[in-house]
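Chain B: place on chain A using the hints.
Protein chains in written order, with the working numbering: chain A, 1 to 319; chain B, 1001 to 1286.
Treat the hints with care, since some could be wrong.
Distance windows between CB atoms, simulated [stated by the list, open to error]: (1) A:67 to B:1193: 45 to 51 Å; (2) B:1091 to A:266: 33 to 39 Å; (3) A:236 to B:1079: 34 to 40 Å; (4) A:109 to B:1072: 49 to 55 Å; (5) B:1192 to A:82: 30 to 36 Å.
Keep in mind that the hints were calculated from the coordinates and are not lab data.
Where a beta carbon is used, it is the ideal one built from N, C-alpha and C, also for glycine.
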Amino acid sequence: MNLNFLEFEQPIAELEAKIEELRYVGSDAEINISEEISRLQGKSRDLTESIFSNLNPWQVSQMSRHPQRPYTLDYIERIFTDFQELHGDRAFADDRAIVGGVARLDGKPVMVIGQQKGRDTTEKLKRNFAMPRPEGYRKALRLMEMAERFKMPVLTFIDTPGAYPGIDAEERGQSEAIARNLFVMSQLKTPIICTVIGEGGSGGALAIGVGDRVLMLQYGTYSVISPEGCATILWKSAEKAADAAVAMGITSERLKELGLIDEIVAEPLGGAHRDMDEMALNLKNALNENLDVLESLSLDALLDSRYERLMAYGNIEES
Amino acid sequence: MSWLKKLIPSRISTQSGQKKAVPEGIWAKCTACSAVLYRAELERNLDVCPKCDHHMRIGARRRLDIFLDEEPREEIGAEVVPVDALKFKDVKKYKDRLTQAQKATGETDALVSMMGQVQGVPLVATAFEFKFMGGSMGSVVGERFVRAVNTSLEHNIPLVCFSASGGARMQEALFSLMQMAKTSAALAKLSKQGIPFVSVLTDPTMGGVSASLAMLGDVHIAEPKALIGFAGPKVIEQTVRQTLPEGFQRSEFLQEKGAVDMVIDRRDLRDRIANLLAILTGQPAP
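Isolated chain A, as found in the complex (with noise of 0.2 Å):
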C-alpha cells in the first residue's frame, strides 16, 4: 500500500506505480512507450475524477489530513513575499504550533497567521501537531493587535486538530487564550479574512477564526469536534466516525448551504498536494478578491457587518 495515497484511492496509486514503472523502462531501454504512457495517465485522471467527484465526509475528512497536504508555511511560501515571522508571546514562550508574521500579498503589507503541521517526525513533535498552547494564540493575539495598530488586514490559516488538551496548557489558561482571540477578533479594526486550509478542529480552529470572510479549501473540514470525538461521546464507538461525519456536516459543501462559510476555494483535481502551486494560486485569487471588497467598506460598515454576522449564526424559533 502506498503511504502517500488514502485508502479510497489505491486504485489510483496503482496506476501511478504503474506509469512510473513505465517511465523508467522508457528512459532505460530507448523503446517509445510514449503513447501507452499517456493512454494510462488518461485513465488514471478519469479515475481520479470518478472517485473525486464522489467523496463522503469521512473521506473528505481524510482528505483535511492527508499527510501530504500543504500547510500553512507551503502557502505563505507561494503566496506572499518578504515573510518575517514573528515569534512568542511576549509573557512565557513561542509556541511553533503557530506561526506568524509581516508580509506582502502583491505589494501590499499583510500579517500572516496560521497553525502549522509538521512534516516528519522531528517537525511534528516541533509543532506539537498544530495544537496550540496558550502562548501560540496569545502570540497570535499580539500580532493581530499589531496589525491593527499599522493598519494592515489579518490572514489567518486554520489547520489544527483542535487546542492543545495539557496539562501545562490548562494551567496557564487555554480557556481565557482562546476567549479573549474571540473577543478581540470580533472588534479588531481592520479587515480579517480567516481560511480553514486543512482541519478546523473546535475552538482551537475558532481561536484564529472570527472575522469578516471565513473561506475553505475544497476538502477542508470544519467541526466542533473530530468525528473520531464525536462518534465516541455519542455513538459511544470510535468506529462510528464515518456516520458523525455525515451527522455533523463538515464538509465545505455542506458549511456553505449552511451559510457558515462564505467561499469555497476549489482544489486541484486529486486534492491541493497533487499541485500546491496551483492551489496557493486559487487561494491567492480568492484572498485578493475578497480584500479588495472589505478594504473599499469605511471601518465602521466593516465592524458592523462583522458583528451582524456573528449575531446571526445559529438557529432558532420565537414562540
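Okay, now just chain B, sitting in the frame of chain A:
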C-alpha cells in the same frame, strides 16, 4: 449476570437494591461526604452541605431565585426556543433528546436569564441549567445570552452569569461552535460601553463555554472546588499519559494560577457581588 450475582439468593440482592431508596423529599445525601441531611435544612443552606461545605449543583431557576431580590424580576429570552435544523441523529434523535430534557427540567433550553436586582443594585443575571443536556451551548443558549447582554446595554446595568456547562452542544455541530464567537462578540460590545460583566464559574464550567463567555468577565468568581477548564480531565490524561495533579482544574487551582479573582462560598455570593457591582458602577454600598 455475573457468577457472583447468580450465587446470591435473589431475596438478598433485592433487599440490597431497596436499601438505596431513601424516601424522596425528606432526606438528602451529600454527594461528597455522604452525610445524610434533612432536605429542608440543606435547602436553607442553599444546597451547601452543612457538614463538609460541599457545594452541590443547583438548577438555573433556583440559582437565580437565591441570588436575586424577590422583586422585581423579569425573564429575558424565554421566547427563543430550539429547532433541530440539522435533523441530527446519533443513537437517538436530537429532537427526542430535546423533548426529554424539556420534560426532565421544565426548561425549554439550557439558559435562563432575568432582569432584576441584587440588594437593590439593578442588573441582568443569567444562569446555565446543567441538567438540560449538560448545560451545553447551542443556538438558543447563544441567542438568549446575547439578549441578556442587549438588555444590559439597553438599561446600562451590569451582567452576571452563572455558568455550569460541559461545553458545546454536539448535536448542533458547527452552529454550536459559532455560539462561542457570538457570545464573545456581544461581551466585547458590553465591555466597550463600560458595563461590568461578572462571571461566576460553578461546577462544572468546561469546553466551549469556558473558552468563551465564562472567561471574559471583568471579574471571575468561582464557587469552591468547581471543575473549570478547557479540556476534560479524561482527555488530558489520555493525551499526556500522566496522572493529573491533586486539585487540578478546581477553583482553588485556577485562583493560584491566576485565572480567577476569588473563590466565594455560595452563601456569601449575594453580599459580595452586590458590593462589587455597586463599586464598579459608582453607586453607594448596598
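Hints, one by one, checked against the model:
1. A:67 to B:1193: 45 to 51 Å: For residue 67 of chain A and residue 1193 of chain B the Cβ distance comes to about 49 Å; the hint holds.
2. B:1091 to A:266: 33 to 39 Å: Once the Cβ atoms are compared, 36 Å apart, the range 33 to 39 Å for residue 266 of chain A and residue 1091 of chain B holds.
3. A:236 to B:1079: 34 to 40 Å: Holds: the Cβ-Cβ distance is about 36 Å, inside 34 to 40 Å.
4. A:109 to B:1072: 49 to 55 Å: The hint (49 to 55 Å, Cβ to Cβ) holds, given that residue 109 of chain A and residue 1072 of chain B are roughly 54 Å apart.
5. B:1192 to A:82: 30 to 36 Å: For residue 1192 of chain B and residue 82 of chain A the Cβ distance comes to about 34 Å; the hint holds.
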